[in-house]
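Listed below, chain by chain, are the residues.
2 protein chains.
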Amino acid sequence: MEHNLEHTIALLERTPATLNALLRDLPEAWTSPNEGENTFSAFDVVGHLIHGERTDWMPRTKRLLESGESVPFDKFDRLAQERDSIGKTLPQLLDEFARLRAENIAALRALNLKADDFSRRGRHQMLGVVTLSQLIATWAAHDLTHLHQISRVMAHQYRDAVGPWTKFLGVMQCNGHSE
Amino acid sequence: MEHNLEHTIALLERTPATLNALLRDLPEAWTSPNEGENTFSAFDVVGHLIHGERTDWMPRTKRLLESGESVPFDKFDRLAQERDSIGKTLPQLLDEFARLRAENIAALRALNLKADDFSRRGRHQMLGVVTLSQLIATWAAHDLTHLHQISRVMAHQYRDAVGPWTKFLGVMQCNGHSE
Numbered sequence: 001m002e003h004n005l006e007h008t009i010a011l012l013e014r015t016p017a018t019l020n021a022l023l024r025d026l027p028e029a030w031t032s033p034n035e036g037e038n039t040f041s042a043f044d045v046v047g048h049l050i051h052g053e054r055t056d057w058m059p060r061t062k063r064l065l066e067s068g069e070s071v072p073f074d075k076f077d078r079l080a081q082e083r084d085s086i087g088k089t090l091p092q093l094l095d096e097f098a099r100l101r102a103e104n105i106a107a108l109r110a111l112n113l114k115a116d117d118f119s120r121r122g123r124h125q126m127l128g129v130v131t132l133s134q135l136i137a138t139w140a141a142h143d144l145t146h147l148h149q150i151s152r153v154m155a156h157q158y159r160d161a162v163g164p165w166t167k168f169l170g171v172m173q174c175n176g177h178s179e
Numbered sequence: 001m002e003h004n005l006e007h008t009i010a011l012l013e014r015t016p017a018t019l020n021a022l023l024r025d026l027p028e029a030w031t032s033p034n035e036g037e038n039t040f041s042a043f044d045v046v047g048h049l050i051h052g053e054r055t056d057w058m059p060r061t062k063r064l065l066e067s068g069e070s071v072p073f074d075k076f077d078r079l080a081q082e083r084d085s086i087g088k089t090l091p092q093l094l095d096e097f098a099r100l101r102a103e104n105i106a107a108l109r110a111l112n113l114k115a116d117d118f119s120r121r122g123r124h125q126m127l128g129v130v131t132l133s134q135l136i137a138t139w140a141a142h143d144l145t146h147l148h149q150i151s152r153v154m155a156h157q158y159r160d161a162v163g164p165w166t167k168f169l170g171v172m173q174c175n176g177h178s179e
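Sequences listed follow chains A and B, in order.
Counting in the working numbering, the first sequence runs from 1 upward without gaps.
Counting in the working numbering, the second sequence runs from 1 upward without gaps.
Everything labelled a hint here was simulated from the structure, so no lab data went into it.
Please note that the accuracy of each hint is not assured.
[Stated by the list, open to error] Simulated pairs of lysine-lysine, DSS-like, Cα-Cα distance not exceeding 30 Å:
| hint | chain 1 | residue 1 | chain 2 | residue 2 |
| --- | --- | --- | --- | --- |
| 1 | B | K62 | A | K167 |
| 2 | A | K62 | A | K114 |
| 3 | B | K167 | A | K62 |
| 4 | B | K88 | B | K75 |
| 5 | A | K114 | B | K167 |
| 6 | B | K75 | B | K114 |
| 7 | A | K167 | B | K167 |
| 8 | A | K75 | A | K62 |
| 9 | A | K75 | A | K88 |
| 10 | B | K114 | A | K88 |
| 11 | A | K75 | B | K167 |
| 12 | B | K114 | B | K167 |
| 13 | B | K62 | B | K75 |
| 14 | A | K114 | B | K62 |
| 15 | A | K114 | A | K75 |
[Claimed, not checked] Rough simulated footprint, nothing fancy, chain A against chain B, three-plus residues with beta-carbon under 8 Å:
| hint | segment |
| --- | --- |
| 16 | 2-14 |
| 17 | 69-83 |
[Stated by the list, open to error] Away from chain A, derived, C-beta distances all over 12 Å, residues of chain B:
| hint | residue |
| --- | --- |
| 18 | G36 |
| 19 | E37 |
| 20 | N38 |
| 21 | H51 |
| 22 | L65 |
| 23 | E66 |
| 24 | I86 |
| 25 | D95 |
| 26 | L100 |
| 27 | R109 |
| 28 | K114 |
| 29 | Q149 |
| 30 | R152 |
| 31 | A155 |
Backbone N, C-alpha and C fix where the C-beta goes; we use that ideal spot for every residue, glycine too.
All chains should be built: construct the whole structure from the sequences, respecting the hints.
Next comes the structure, spelled out in structure tokens:
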């Protein structure tokens, strides 16, 4: 389907509660392990989403609206959470994500974007010219890619435990490991 | 990690609330479409999970405990929801899933399984001999495979909308399409 702002916001609004329902007070045996070297745990993902709320989606939206294609977006630090999450608990991160997301959705609504605005263009430092519509759709799809990742990372912890069933479980076959 | 009943139950308990937070009252533009012919929508997945609660996990656990390897599990109907979900709304299915899951977790706890029980063996009609530990671990991993699937099916609806970002989104690359 084409991008639809209300559909996007409906999804963006639900992600904090979804992660809260899935992860809060879940044993660390599920939330701390990752899939191996240089991969994210569920804990890491929540920190990564927080960093996106702070530095990616709304800052890029504002850059695009203010500067168009003339000033590219700032580079996103995919590993910021290794620094920023130190000393924090997962419940603290879930609370922080929920607060930032609510603020950003309010800021997005306050822009009062009109149909014409969605074709406005900005510049991504690697992808080149992108539209506002693509940027905001990606915000929602990025939530889904990390929900997809969290379910895969957690399932990975039971790869041996499920024995022969592993071949019936799509999540054990997934190769969608990029971010 | 090895199978751990309390870890498994912690996950099984959270899935209804997770799906509720993600899907309840979400626009049908997200929950009705699938990934193409013979694939599941988010709506289909919830119906499929309900059928699992009714016919798969606890009935198989009881079969294994009662009959060991001598009587194989009944075959699971992967498409039962096409029949059973007719005329129901997604909120109704979410409620039904939550109720059945709570009943089944209570039934699982009531079995008072001991460490020795988890190595008891049953027979899967295709996989052959399986252990109780593997069966119960798969119950939880099956939740994760369908959370993984739902996030992928929903992201698929924005495949075009995200434009060039599709190559950065792992969920758009996922090939873990089996069940």
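Hints versus structure:
For a cut-off of 30 Å, the pair hint linking B:K62 to A:K167 stands: about 23 Å separates their Cα positions. At roughly 15 Å between alpha-carbon atoms, A:K62 and A:K114 fall within 30 Å of each other, so this suggested pair holds. Annotation: proposed proximity of B:K167 to A:K62 holds, straight-line Cα distance about 23 Å (limit 30 Å). With a C-alpha separation of about 25 Å, the suggested pairing of B:K88 with B:K75 holds against the 30 Å cut-off.
Between A:K114 and B:K167 the alpha-carbon distance is near 28 Å, which keeps this suggested pair within the 30 Å criterion. Distance check on the hinted pair: B:K75 and B:K114 sit about 27 Å apart at the alpha-carbon level, within 30 Å; holds. Taken as a hint, the A:K167 and B:K167 pair is honoured in the structure, with Cα atoms around 27 Å apart against an allowance of 30 Å. Straight-line distance between C-alpha atoms of A:K75 and A:K62 comes to about 15 Å, which keeps the hinted pair within the 30 Å bound.
Restraint check: the Cα-Cα separation between A:K75 and A:K88 comes to about 25 Å, which is no more than 30 Å; the hinted pair holds. Distance check on the hinted pair: B:K114 and A:K88 sit about 36 Å apart at the alpha-carbon level, beyond 30 Å; violated. Only pairs whose Cα atoms come within 30 Å are accepted, and A:K75 paired with B:K167 is accepted, the gap being roughly 17 Å. This hinted pair does not check out: B:K114 and B:K167 have alpha carbons roughly 48 Å apart, beyond 30 Å.
Note on B:K62 and B:K75: the hinted pairing holds, with a Cα-Cα distance of about 15 Å set against a maximum of 30 Å. Our distance criterion of 30 Å between C-alpha atoms is broken by A:K114 and B:K62, whose separation comes to about 58 Å. As the CA atoms of A:K114 and A:K75 are separated by approximately 27 Å, the hinted pair is consistent with the 30 Å bound. Closer than 8 Å: that is the beta-carbon criterion, and the segment 2-14 of chain B has 8 residues meeting it against chain A, so the requirement of 3 holds.
Here's how the segment 69-83 of chain B fares: 0 of its residues keep a CB closer than 8 Å to some CB of chain A, so the rule of at least three is not met and the hint is violated. At the 12 Å boundary, the C-beta of B:G36 stays outside the reach of chain A, the nearest C-beta of that chain being 14 Å off. For B:E37, the requirement that its beta carbon stay farther than 12 Å from each beta carbon of chain A is met, with the minimum near 17 Å. At roughly 14 Å from the closest C-beta of chain A, the C-beta of B:N38 stays outside 12 Å, upholding its exclusion from the interface.
No Cβ of chain A approaches the Cβ of B:H51 within 12 Å, the least distance being about 15 Å, so the stated non-interface status holds. At the 12 Å boundary, the C-beta of B:L65 stays outside the reach of chain A, the nearest C-beta of that chain being 17 Å off. At the 12 Å boundary, the C-beta of B:E66 stays outside the reach of chain A, the nearest C-beta of that chain being 21 Å off. At roughly 24 Å, the least C-beta separation between B:I86 and chain A is larger than 12 Å, which holds for a residue marked as non-interface.
For B:D95, the condition that its CB be more than 12 Å from all CB atoms of chain A holds, with the nearest at approximately 15 Å. With 12 Å as the threshold on Cβ separation, the claim that B:L100 sits away from chain A holds: the shortest Cβ distance comes to roughly 18 Å. A cut-off of 12 Å between C-beta atoms confirms that B:R109 is not in contact with chain A; the least separation is 16 Å. Residue-level check passed: B:K114 sits 18 Å from the nearest beta carbon of chain A, beyond 12 Å.
Taking the minimum C-beta to C-beta distance to chain A, about 6 Å, the non-interface status of B:Q149 is violated against the 12 Å cut. At roughly 6 Å from the closest C-beta of chain A, the C-beta of B:R152 falls inside 12 Å, breaking its exclusion from the interface. Chain A draws B:A155 into its interface by the beta-carbon criterion, the shortest separation being 4 Å against a cut-off of 12 Å.
Violated hints, listed in ascending order, are 10, 12, 14, 17, 29, 30, 31; each of the other numbered hints is respected by the structure.
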